[in-house]
Structures are given as C-alpha cells and as structure tokens.
Amino acid sequence: MKIVYVLLGLFIIINYGLLQAGVLRRITARVGKRIGVPFYQPYIDLIKNYAIRSQFSHGVMFYLGPVFRLSGGVGIFLFMPLIFGNEIFSNYSMAGDLILIMYFMFIGMLGMALGAGEGGHPYSIIGITRGLSQFTTVEVPFTLAVISIAIQYQTLSITEIVAAQQGGIMHWTLMTNPLATGAAMLSFLGMMMYAPFNVVNAPQENPLGPPTEFHGTFLGMLQTNRVILGVMEAILFMNLFFGGATNWGILFIKAFLIYFYPVFVGAVFPRYRIDQSIRWFLYLPTALGILAIIFI
Amino acid sequence: MKEIINNIQEKFKISEVTEQRENQYFISVEKKDTIQLVTYLKDIEKFTNFILLTAVDWIEKGQFQLTYMLNHPSKKLDIGVRTFIERENATMDSAHHLWEHVATFQRELKEMFGIDFPGSPRVDEPFLLEGWDNIPPMRRDFDTKKYSEETYFPRPGRSTNDPAEHMKKKLYPNE
Amino acid sequence: MAEEKNYKIIQPDNSEENKFLKPENYKREVTAPDGNTFIVDPLNDYFCDAKPQPHAPNTIKVVEKFLNWARSQSIWVLGFGTGCGSIEIYPLMTPRFDAYRFGVQQRPTPRQSNLMIISGYLSVKTLKRAIRSYEQMQSPKFVMALGSCTINGGMYWDSYNTINRLDHYMPVDVYVAGCMPRPEALLAGFMELKKRIREGKGEGANQYAENFDWYKANQKKIIKDWNMPDYNW
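Residue numbers (our numbering), protein chains in the order written: chain A, 293 to 588; chain B, 104 to 278; chain C, 239 to 471.
If you are wondering where the hints come from, they were derived from the structure by calculation, not from laboratory data.
Any given hint might turn out to be false.
Listed next, the in silico BS3-like pairs over lysine-lysine satisfying Cα-Cα at most 30 Å (straight line) [stated by the list, open to error]:
(1) C/363 with B/248
(2) B/249 with C/454
(3) C/462 with B/249
Because the structure is a prediction, the values reported are computed rather than measured.
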C-alpha cells in the first residue's frame with residue numbers, strides 16, 4: 293500500500309514542479325520585460341520530447357546516464373518526508389537518513405558523467421568536468437552545515453530534525469543555528485545551477501554542457517529529473533532549516549519561496565567562470581560552515 | 104610624402120607614380136624589384152602596417168596586376184606598390200617573411216586567380232572553395248553565370264531588368 | 239624516439255570519387271598486437287552511416303493529432319546562422335518580438351532541435367555543414383528558409399559559389415520571402431509552420447528519407463570535397 297502513496301506523492305511533486313518551472317520562467321521573462329512562455333510550456337516540451345520518433349544510442353552508458361540521473365532524483369524523493377506527521381506522505385524516510393540523501397544528490401551527477409563521456413561530444417565532457425568540480429566544492433559547505441545540525445539535534449534522521457523544529461518560527465534551524473543555515477543556503481545556489489553558477493551548462497559559451505548529445509526520450513528523462521530534483525532539494529532545505537511542512541499548502545509556499553531564491557539571484561547576477569565559482573564556494577560559505585561547527 | 108617618393112625614385116626604377124590623395128600614392132615597379140621595394144618601405148620608411156594584397160585580371164594584356172597596400176601608422180600615409188606579372192603560369196615571389204598574414208592573402212590569390220607563391224605556408228590548401236576543380240573563379244575567362252546555371256538548378260521564371268532602362272520607363276513613360 | 243606506426247596507408251585509386259579525399263580518410267591496413275591484420279576505413283568504421291528510415295506517424299489519429307499539436311507548440315530552433323539573416327533571428331528573443339510566447343525557443347545543439355532556420359544564402363562550403371547539422375537532427379524535423387537567396391538565388395543568382403534552390407538539397411517546410419525578411423515576417427513564418435505541423439504536413443524528415451538518393455545525388459554534385467560518410471547522424 294505504501295508504494296501507491298509514494299507514487300501519488302511523486303505524481304503531485306512532478307506536476308507541481310512543472311507548473312512551478314513554467315511560472316518561474318514567466319517571472320524571469322517579466323524581469324526582462326517580456327511576456328514569456330505560457331505557464332504550461334514545460335508540459336508541452338516534455339510531451340514533445342517523449343514523442344520524438346527517431347532515437348539512437350551511443351552505447352550502454354549513454355543509455356544508462358539519464359537513468360542514473362533520474363534514479364538520483366527519485367532516490368532523494370523516496371527517502372524524504374514530505375508532510376510532517378502525515379503517515380501517507382512520509383515516503384520511506386524511516387529507512388534512510390540525511391547521509392543517504394546526500395549520496396543520491398551526487399550519484400546523479402556521476403551517472404551523467406558516464407553518459408556524457410560516452411556521448412563523446414567535447415562540450416559535454418568539458419561541461420561534466422566543470423559540473424563535477426563545482427558540485428564537489430558545493431558539497432563542502434553543505435556537508436559542514438549538515439554536520440553542524442547533526443551535532444545540534446544529535447540525529448541524522450530528517451523526520452526527527454523536523455520534529456525538533458516544530459512550535460513556531462523561533463524553533464526553526466534558521467533561528468537556532470543561523471550560521472549553518474547561511475552556509476547551506478549559499479551552497480544551495482550552486483546546487484540549483486542558476487546564474488552565477490550556471491557555467492556547467494552555459495548555453496552561450498559552452499552549448500548546453502553535459503546533455504549536448506541527449507535527445508528525445510533521454511532528454512525527456514533528464515527534464516523530468518530536473519523537475520523532481522529541483523523541488524526535492526527545495527523540500528530538503530525546507531525540512532532542514534525552515535521547519536518542514538504540516539500540510540500541502542505550507543509545503544508549496546515554502547518550496548516555492550526557497551526555489552525562487554536562486555532564480556532571483558540568477559536574474560540579477562552575471563555568470564562566474566568555473567575557477568571563480570570554485571574559489572567562491574571555498575571562501576565564504578566554507579568559512580561560515582566551519583564557524584557553524586565551532587559555535588554550535 | 105613627396106620626400107619619401109623622391110627617396111624611392113633615387114633607389115628604384117619607378118615606371119609610374121599616381122597621386123590618389125595627398126596621403127595616398129601608387130607606384131609601379133618591375134616584378135623583380137617588388138619585394139625589394141616592399142622590404143625597403145617596411146624597414147627603412149617604416150610603412151609597418153600591411154593592409155592588403157590584391158590582383159586584377161588584365162586579360163587583354165595577358166597580365167595580372169598585383170597591388171601591395173602599405174600603411175604608415177604614425178604619419179597616416181598609404182602607399183600602393185603595383186606590379187604586372189605574366190598571366191600564363193603566373194608566379195610571384197612570396198612576401199610572407201615580412202608579415203605573417205600575407206600568407207593568407209597569397210593563399211586566397213592562389214585559389215581565386217591561380218597565382219602561385221612558391222614557399223608561402225599552406226598556399227595549396229583550399230581557402231573558401233572546398234573541392235574546386237574548374238579554372239579559378241575570379242579569372243575573367245571564367246563564366247560565372249553559365250557555371251551557376253549549369254550547376255545550381257536555377258528556378259525557372261526569373262526575370263531581370265536593367266536598372267537604368269527600368270527606371271527610365273517607370274519614371275518617364277512618355278519620353 | 240619516433241613512435242613506430244602499426245598501420246600502413248593504402249593509396250586510393252585515381253577515380254573521380256577519390257579526387258578530394260583527405261589523407262586522414264584513406265583506408266589503412268592495421269596490424270593488431272596479436273599479429274592479425276585488418277583494414278580500417280575511417281569513413282565507414284568511425285561513423286555509423288546507415289541510411290535514414292522513414293518513421294510512420296502514430297496509427298491512432300487522435301494521438302497523432304495531439305502530438306502534432308504539442309510539436310507545433312514547442313518549436314526548438316537550431317541556432318545555426320548562415321548568411322545575413324542570422325542577425326534577424328536574434329531580435330526574435332527580445333522583448334519587442336518575444337518569440338517565446340509562441341513556444342519558439344533556441345537550442346544550441348542539433349540533437350535537441352526540431353527546426354532548422356537557413357537564414358540566407360548558402361555557399362557550397364556552408365551547405366556541407368548545414369546538411370551535416372540537418373542530418374544530426376532527430377525526426378520529426380522541419381526546415382524554414384529565409385530570404386530570396388534560398389528561394390531562387392536572390393542577388394547571388396549567378397554566383398559561382400552560392401546555391402540557388404535550397405529545396406534540391408533538403409526538404410523545406412516554409413519559405414519566408416524578403417531580402418532580408420524582418421522579424422515580423424519570421425513570426426508569420428512560424429505561424430504558417432505551426433499550421434502545417436498541426437495539419438500533419440510537417441513530414442520533411444520522412445520525405446528526406448524516402449527521396450534520399452535524389453537528395454544525396456544533388457548534394458554530391460556540388461560538394462565535391464565530401465570527406466564524410468554519406469549519412470551521419
């Protein structure tokens with residue numbers, strides 16, 4: 293019976309993510325004084341990509357790359373409690389903890405590296421090299437923040453961390469451990485890969501990066517994963533730092549605001565080169581993370 | 104500028120001097136003196152900026168005319184060195200040792216006019232035309248219209264007007 | 239120390255076909271570490287050159303109609319600018335014209351694009367690259383040609399190096415006339431293309447696959463320096 297609820301939750305998350313992506317594209321278009329795409333454009337793109345008639349594969353790993361990526365996104369979803377105190381939408385959070393989720397965040401990238409490598413396009417290899425090096429440095433402040441809150445709450449289970457934050461805004465990690473929240477929110481910018489940290493698939497300079505060779509269904513899977521991964525990372529941060537959610541309404545609002553923050557930063561700031569972004573993550577966010585551990 | 108021209112005339116056999124503007128002159132020399140003169144202009148008179156090397160097909164005379172355009176950056180002077188070479192088996196001494204980018208112009212001339220510059224780097228590689236097996240297209244005995252009609256599937260129904268005739272008819276229909 | 243070569247290049251015969259074959263594409267006889275010798279043909283062995291196959295539309299009418307609607311609403315343009323018209327494509331994405339409204343988006347790689355815009359005259363050298371990009375796009379794919387140069391040669395109709403009619407080299411869905419057409423005309427072209435796709439007439443990829451030999455003969459007639467496999471996707 294659990295699997296039905298999990299699939300229901302996945303269905304809700306995918307639809308919410310697609311709608312949110314469309315709305316956010318419209319918002320960024322408004323920033324540029326354009327009208328922008330219709331809010332249902334991500335749905336159409338997805339349908340069209342799954343309906344591409346001709347497909348080919350460069351090899352086994354090329355085939356498995358998007359599968360790995362998608363399993364990374366779905367893996368995060370499986371072990372994440374969505375609604376606190378709700379048996380139906382807590383997924384398999386009793387079986388996995390924060391470490392497992394951090395592992396799933398990286399495995400997608402690794403699978404993508406194998407797939408893009410077999411694709412053989414030089415741009416995808418440049419892109420994935422940049423992606424891996426940037427993501428490695430993004431993980432540093434995020435891991436420090438996770439260690440900090442693990443010390444603070446004496447647990448790695450997300451459900452228990454959410455439970456400890458119940459009872460008003462003053463109990464949120466945002467208030468009780470602002471240094472860890474700061475480090476993690478700065479690394480969140482790099483995780484979402486909007487500007488200034490979008491050199492991985494910089495569309496002008498390095499056409500599209502890792503997914504250059506992926507088309508049709510492969511691309512559709514990558515798009516699906518992008519939607520799941522984006523929303524799930526926002527929900528992870530909501531659970532860790534912003535008190536979780538007790539119903540779908542609060543979840544949508546909080547996830548939207550957290551997701552909106554890198555988009556907002558990206559609409560304002562220009563792009564970093566890869567060496568600049570790596571250095572940036574190793575200076576301020578890492579320093580904040582270390583302070584968060586010292587002053588816990 | 105006058106002074107420079109006098110200097111040149113003392114040292115080289117100049118057949119013709121044309122004053123195009125106050126700061127732009129064209130001088131004509133023999134084929135064998137050309138590279139020597141260009142070297143002199145670059146090293147002694149400091150015309151250090153090479154602008155272009157181009158060719159004109161004088162099919163009636165059976166000759167190509169080459170023009171080396173040089174520029175004096177600080178005094179803002181231009182000088183063109185003209186020379187005639189034979190059209191049959193046209194060859195010319197290469198000037199790529201003076202400026203590197205001359206080699207590119209020479210490569211283009213080799214392709215478009217069939218003028219050979221022995222020793223110039225990459226002169227035999229195709230420049231714009233890949234796989235051209237006809238006579239070089241910028242020679243005047245190459246009929247570009249005929250070639251285009253034979254090769255590129257012209258769409259029927261095209262009509263052209265002579266601009267002068269057409270405008271005369273349109274603007275002054277009664278005359 | 240010079241590296242010892244483990245292959246021997248086979249000189250091609252002096253036929254018309256091999257006139258412009260580049261040395262790196264010559265066939266070669268390779269000796270493997272185990273002593274066996276075999277022949278490597280770079281043009282056929284390093285690329286897959288199977289002919290394109292026509293892909294039948296979905297047999298269920300309603301589904302095909304729905305998919306065609308989705309295709310018409312999500313047109314991904316390959317950013318391949320030729321000639322002078324590419325400068326007319328960039329304003330499409332600016333607030334003044336804003337082609338995003340109609341689901342038209344630019345895509346930097348041919349693998350993911352559906353629409354190729356040939357934006358102006360094509361020299362023979364560019365045509366080779368354009369064909370290569372077109373063949374790498376996935377079915378269903380559409381071609382839009384801008385300007386009189388692609389229709390009948392335009393002002394370059396008697397040039398020795400620019401083609402006159404694009405539709406002899408790849409199937410064209412929509413021509414936009416003008417020299418050059420303004421972005422408004424391009425938007426009108428997009429509307430026309432959408433109408434065609436929704437009516438199920440956007441089958442250029444199948445047309446290309448069915449008349450493959452005719453297209454290939456036309457292309458090879460003018461691109462003598464071919465040096466690539468016949469069909470490379």
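Hint-by-hint comparison with the structure:
1. C/363 with B/248: holds (19 Å)
2. B/249 with C/454: holds (23 Å)
3. C/462 with B/249: holds (19 Å)
When the structure is compared with the earlier hints, no violation turns up for any of them.
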